[in-house]
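Listed below, chain by chain, are the residues.
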Amino acid sequence: MAGSAVSDELDRLIHERMRLGIVSALAAEDSMSFADLKHVLRTSDGNLSVHARKLEEAGYIKVSKGYEDRKPKTDYRLTAKGRRALEGYLEKMEAILSEARDALERS
Amino acid sequence: MTIPRHEDRENAKETLEYIRRTMESASTFTAVSGWGLVTVGGVGLLAAWLAWSGNQDADLRIWIPAAIVSVMIAVAFNVAKARRQDVPIWSGAIRRLAWVMTPTLGVGALLTFALTAQGTPQLLPGTWLAIYGAGVTAGAEFSVRAIRWMGVLFVGIGAVALFRPEWGLALLAAGFGGLHMVIGLDIMLRHGG
Numbered sequence: 001m002a003g004s005a006v007s008d009e010l011d012r013l014i015h016e017r018m019r020l021g022i023v024s025a026l027a028a029e030d031s032m033s034f035a036d037l038k039h040v041l042r043t044s045d046g047n048l049s050v051h052a053r054k055l056e057e058a059g060y061i062k063v064s065k066g067y068e069d070r071k072p073k074t075d076y077r078l079t080a081k082g083r084r085a086l087e088g089y090l091e092k093m094e095a096i097l098s099e100a101r102d103a104l105e106r107s
Numbered sequence: 001m002t003i004p005r006h007e008d009r010e011n012a013k014e015t016l017e018y019i020r021r022t023m024e025s026a027s028t029f030t031a032v033s034g035w036g037l038v039t040v041g042g043v044g045l046l047a048a049w050l051a052w053s054g055n056q057d058a059d060l061r062i063w064i065p066a067a068i069v070s071v072m073i074a075v076a077f078n079v080a081k082a083r084r085q086d087v088p089i090w091s092g093a094i095r096r097l098a099w100v101m102t103p104t105l106g107v108g109a110l111l112t113f114a115l116t117a118q119g120t121p122q123l124l125p126g127t128w129l130a131i132y133g134a135g136v137t138a139g140a141e142f143s144v145r146a147i148r149w150m151g152v153l154f155v156g157i158g159a160v161a162l163f164r165p166e167w168g169l170a171l172l173a174a175g176f177g178g179l180h181m182v183i184g185l186d187i188m189l190r191h192g193g
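From first to last, the protein sequence lines are chains F and V.
According to this note's numbering, the first sequence is numbered sequentially starting from 1.
According to this note's numbering, the second sequence is numbered sequentially starting from 1.
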């Protein structure tokens, strides 16, 4: 959708596919570990880290680090801001489809 | 807002589908019931004890009913967990496990009758363990790592049982009893029951 008037109205931060995947997965589960999120999104450690950091910096997700069985464990959680951003994004997507349907009916 | 271009419309459809798929994968990822696995492990241990008491490792009069009861328990516990977590019962991890396990269990039944008919029942424990492990390993692609490891370990235990048939009953107890219980406890503690 790059360059179109419609895409200009979208939240660029979660428009990127991997970040949209992270936010969507965390909207479905209260909390997910780095390993589980990586498995669900079928991505690499580096890719997930980079995109998760951007979402964390924006306040869309919350990261907590701890230990499990003496091994480091990172858990992610969606914040209220992140949930609102996903809801807004979904509304935009649905509006695109609804307007396309209206235009189709008018033609 | 301007009228969306065809490209925008197609992208929106595809994006909504991606969001739906990702949410479904995440929510059913942990839908396998730990309680169910622990209970199935209990059935496995009970069956092993009955077989040991009867002095017949692969006694079909014990293991076939145990397998049927285990499948029923697994279905009941997974449905209950899916309802509790408010996720679709027939989707994601559970659907894939069921699709892979059904032909796997069918092949297991076929081999059971073939090996019995050929007079090699000593190979049954290894065959059951290895086939079950192969099915779980393949079906657990979209589930928690513990399930995949359980599948791999079942294949390993099955391989040992095929080459050391005299350990068959102990390995059946270790696999269908102990391993189910250990992995079930792990899922209960880490993934909400």
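It should be emphasised that the hints constitute simulated quantities derived from the structure, not laboratory data.
For glycine and all other residues, C-beta sits at the position ideal for the given N, C-alpha and C.
Any given hint could turn out to be false.
[Said to hold, decoys possible] Label-pair distances were calculated between CB atoms; the ranges are:
#, chain 1, residue 1, chain 2, residue 2, range
1, F, Arg-70, V, Leu-16, 28 to 34 Å
2, F, Ala-95, V, Leu-46, 55 to 61 Å
3, V, Leu-105, F, Pro-72, 36 to 42 Å
4, F, Arg-70, V, Leu-111, 40 to 46 Å
5, F, Glu-91, V, Gln-85, 38 to 44 Å
[Unchecked claim] Mimicking DSBU-like on lysine-lysine, the simulated pairs with C-alpha atoms at most 30 Å apart in a straight line are:
#, chain 1, residue 1, chain 2, residue 2
6, V, Lys-13, F, Lys-65
7, V, Lys-13, F, Lys-38
8, V, Lys-13, F, Lys-62
9, F, Lys-71, V, Lys-13
Q | Violated constraints from the hint list, given by number and in increasing order | A | 1, 5, 6 and 9
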